[in-house]
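Colleague: Go ahead and model the full structure; you've got the sequences and the hints to work with.
If you're matching them up, the sequences are chains A and X in order.
For the first sequence, this note's numbering begins at 1 and goes up steadily by one.
For the second sequence, this note's numbering begins at 1 and goes up steadily by one.
Hints in this document: simulated from the structure, not taken from any laboratory.
Check each hint, because a few of them may be wrong.
[Said to hold, decoys possible] No more than 30 Å apart at the CA atoms, straight line, and that leaves these computed lysine-lysine pairs for DSSO-like: (1) 12(A) with 265(X); (2) 156(X) with 317(X); (3) 18(A) with 7(X); (4) 107(X) with 317(X); (5) 7(X) with 156(X); (6) 18(A) with 64(X).
Values in this document were obtained by computation on a predicted structure and should not be read as measured data.
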Amino acid sequence: MRAIISVIGHDKVGILAKVTAECAARGINVLDVTQSVLQDMFAMIMLVDLSTATTPMDEFADTLEAIGNEMGLAIHVMHEDLFNAMHTI
Amino acid sequence: MHTINTKDILETITMIQDENLDIRTITMGISLLDCCDSSSDKMLTRVYDKITRKAEHLVETGEKLEREYGIPIINKRISITPAAMVLAACENRDPLALAKTLDRAAKTCGVNFLGGFSALVHKGFGPGDSELIDAIPQALAETDFVCSSVNIGSTKTGINMDAVARMGRVIRETAELTADRNCIGAAKLVVFCNAPEDNPFMAGAFHGPGEPDTVINVGVSGPGVVRAALAKMDGGDLTAVADMVKRTAFKITRMGQLMASEASKRLDVPFGIVDLSLAPTPAVGDSVAHILEEMGLEQCGACGTTAALALLNDAVKKGGVMASSHVGGLSGAFIPVTEDAGMIDAARAGTLTIEKLEAMTAVCSVGLDMINVPGDTPAEVLSGIIADEAAIGMVNSKTTAVRLIPAIGKSVGEEPSFGGLLGAGPVMKVNTASPAKFIGRGGRIPAPLQSLKN
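Modeller: Encoded structure:
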């Protein structure tokens, strides 16, 4: 199963490091990363593979959301199928 | 293949975070036909056991899907076989005991509404129907989660005017018995013409007799997403508006279809339908009225509102129908006054009247929905409103419904509040010239010519 991690907020040092460290600690492989700055907002999107994850997806999502709150960022982990369903025929 | 389309991903996230996109309800339909028994006690035990067994994992599955997909699933609900059918076989029919059993089962399962304390009487009263209808006021006053509906007409059968007369009185009595709680009982009671058997939305959901044993139906929503999409358009004529609504409805419905098939797989219950509805909530940014205003009306209720709503309702269906393998339920734009911030404002301002709402129901997906009327509105006037709505539904081969709340002790302009998704809204003026003699005639309005399609 693959998921999309999205990080949206003001840019600061160490965002990518923090999120990838959380992934690595749970056996989650990062497949692709893209980032852009929209207006003054920073948006990073990661495609990750959860098939070797050591924690369930909902727990992982909760953890990242909490980290996001601490850093003043909105972090969401969402199943890849959602985006495929909405944006491809 | 590893691809990230930033634009698409951010669009979805914006829809969910800023524009109130959500799955409005996952509703499990459960047939109770195999619970019938001549002994009332045995029937009640079977009903409770079957509901709590079938829907045991409904809420936790919904919550898990919510977490994994990042889509809010606002309600998890249950619909059942019209209760009058379940009662029919009992020697001593006790509809109130059944309502309380249903309420208890709903609480055990953790759902927030259970629909189907219902009777289908569009051609006449069968065994159990009369007893159930008489028990509605008390049942809705003494339970928390049970919702009731009565189908009093259809295009095929015409309108049962004896039932129309009774339902006017039942609505009043239901409001009176819950007068201490802003008459909330009446907000849980819908009177239908052409009621769909697979509608997942409350308060009118029930599990029709033609449905399988259990089924998962999903209702999507997203008025805020449609409004935001229209707001981003740079000019454009109404064809362009309709195209934009279609494109947005497609995306919303694809999300609903995905959730419905996932829920169905995980619960091992067949997928029924996706109901492609625009269901507003009182939250700012989640209003159908604001979509109409975004199209160019000063306020919902202005001249042009019916045309704008017709365009919206049609475009939602056209966009949604290709996105789902099975579409059903009500599927269209809802116009519940107290649940829609824009409608509430328009009603307060006097721009939106009951007469205009009645015209709008000819082109929207349901009917006169969640409207506070003066507490002294006579039962015959309520019946007259029901008859008018049913006539619109019957002649146009569409579902129409009436969910009116007589605000006992309150008059025009006062604002009872129900809280939560049911919202709040002003008491609206009703034409009180008496239809008593017409309603008192009873009998049936014959089915219209358009019913003869064979």
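Colleague: Could you run down the list of hints and mark each one as holding or not?
Modeller: Comparing the hints with the structure gives:
For a cut-off of 30 Å, the pair hint linking residue 12(A) to residue 265(X) is broken: about 42 Å separates their Cα positions. Between residue 156(X) and residue 317(X) the alpha-carbon distance is near 24 Å, which keeps this suggested pair within the 30 Å criterion. Distance check on the hinted pair: residue 18(A) and residue 7(X) sit about 24 Å apart at the alpha-carbon level, within 30 Å; holds. For the suggested pair residue 107(X) and residue 317(X), the alpha carbons sit about 34 Å apart, so the restraint of at most 30 Å is broken.
Pair hint residue 7(X) plus residue 156(X) does not hold up; C-alpha atoms about 49 Å apart against a cutoff of 30 Å. Taking the CA atoms of residue 18(A) and residue 64(X), the gap is near 26 Å; set against the 30 Å cutoff, the hint holds.
Of the numbered hints stated above, those contradicted by the structure are hints 1, 4 and 5, listed in ascending order.
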